[in-house]
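Chemist: Next come the chains, spelled out residue by residue.
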Amino acid sequence: MNTNKNEKFQATTEKNGNSCTVYLLGELDLSVAPDFRLVMEPLVSDAESDLIINLKDLKYIDSTGIGILLSILKARHGMQTRFKVEQVPPQIQKLFDMTGIAKFFAPNENSQ
Amino acid sequence: MNAEVQRVVISLPAKAEYVDIVRLNLYGIASKMGFSYEDIEDMKVAVSEACNNSVLYAYGKQDGIVEVAFEVLEDMLSITVRDEGESFERNSPSGSVTLHDKELLDVEIGGLGFYLMEALMDEVSIENAAGRGTKVVMSKRLMRSEEKV
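These protein sequence lines map, in sequence, to chains A and B.
For the first sequence, counting from 1, position 19 maps to 19 in this note's numbering; every step adds exactly one.
For the second sequence, counting from 1, position 50 maps to 1050 in this note's numbering; every step adds exactly one.
Read the hints as simulated data drawn from the structure, not as lab findings.
What you are looking at is a predicted structure, and each value in this text was computed from that prediction instead of being measured.
Accuracy of the hints is not assured; some may be wrong.
Claimed, not checked - Simulated pairs of lysine to aspartate or glutamate, EDC-like, Cα-Cα distance not exceeding 16 Å:
1. K59/A / E7/A
2. K94/A / E1038/B
3. K74/A / D50/A
4. K94/A / E1118/B
5. K103/A / E1103/B
6. K74/A / E1103/B
7. K8/A / E1017/B
8. K1015/B / E1067/B
9. K103/A / D1101/B
If we strip away everything but chain A, and leave its shape as in the complex, we get (with noise of 0.2 Å):
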C-alpha cells in the first residue's frame, strides 16, 4: 500500500452512445470542488444523454463532494433525465449510507 502516492484529482468523460460516464479518481474536497463543478456543469445539463459517474478509483469525498453529487441528484431529477453513480468503494459507500444520500442512488430508478 503506497500511501505517499497522492494521486490528483482527475475527472475523465467518456461518451457512448446516449450515454455519459464521467470516472473520478483520487480525492473529490473542498479544493477541487470547483474544478469538478465546472467539469459537470455542461454535462448535468445534457438531457440527451444519461449520465453515470463512476467511482471506482475516487480515493477519498468530503462533504463539499457529497454536496455536489447531491446537486446533481436534484438537477437531473428535476429535468427527469437518468443519473446513477456506480462502482462505490466501501469506505463512500460508507459516507453516503451514513449521510443518508445513499437511498437517492438506489438502482430502482423509480423511486425518490
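Given chain A, work out where chain B should sit, using these hints.
Modeler: Then chain B, alone, in the frame of chain A:
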C-alpha cells in the same frame, strides 16, 4: 512505558489545498499507532471536515492559519483543530441533518460536515469564542486487534 502525551502540531495556511496535508499527517500518526484502515479513513473524513470549516468560515477573504494538534495517548488519538478567525455558526443546530427521512427536493447539505465528525469519532467537542476562533477537539480510541504484537 510511560503514559505521557506525545504531541505533534502542524500549522497551515487556512486554504483548501492544504487540507490533504493534514490527512497525510493523520495517516502517518494513526497507522504508526496501529489504527485499522477503516478507523483511519473515518478520522480522515472527520478531521478534514473540521479543517474545511476553518478554511471556509474562519477568515472570510483574509489569510489565516489553522493549527492541527495530534495528541498520541496510549490507547487514544486526540486531534484538535483550531483557528483564530470569526466563529462559524452551525448550519443545523437542531433536528436531523441527514437525508434519511427527507425527499430529494427537500434536502440540503448544510450541517453534513458536523454530522460526519460526530458520527465518525468517539468524542467531539466544539468551542466557539466570539472573535477568538473555533476549537474542535475530537478523539478516537484505539481498538486492539486480536493479533497482539
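Chemist: Evaluate each hint against the coordinates.
Modeler: So, going through the hints one by one against the coordinates:
1. K59/A / E7/A: OK: K59/A and E7/A at ~9 Å, within 16 Å.
2. K94/A / E1038/B: Status holds; Cα separation ~10 Å.
3. K74/A / D50/A: Since the Cα atoms of K74/A and D50/A sit roughly 15 Å apart, the hinted pair holds (cutoff 16 Å).
4. K94/A / E1118/B: holds, 15 Å
5. K103/A / E1103/B: holds, 10 Å
6. K74/A / E1103/B: holds, 10 Å
7. K8/A / E1017/B: This hinted pair holds, its Cα atoms lying about 11 Å apart.
8. K1015/B / E1067/B: holds, 12 Å
9. K103/A / D1101/B: With Cα atoms ~10 Å apart, K103/A and D1101/B stay inside 16 Å; holds.
Violated hints: none; the structure is consistent with every hint.
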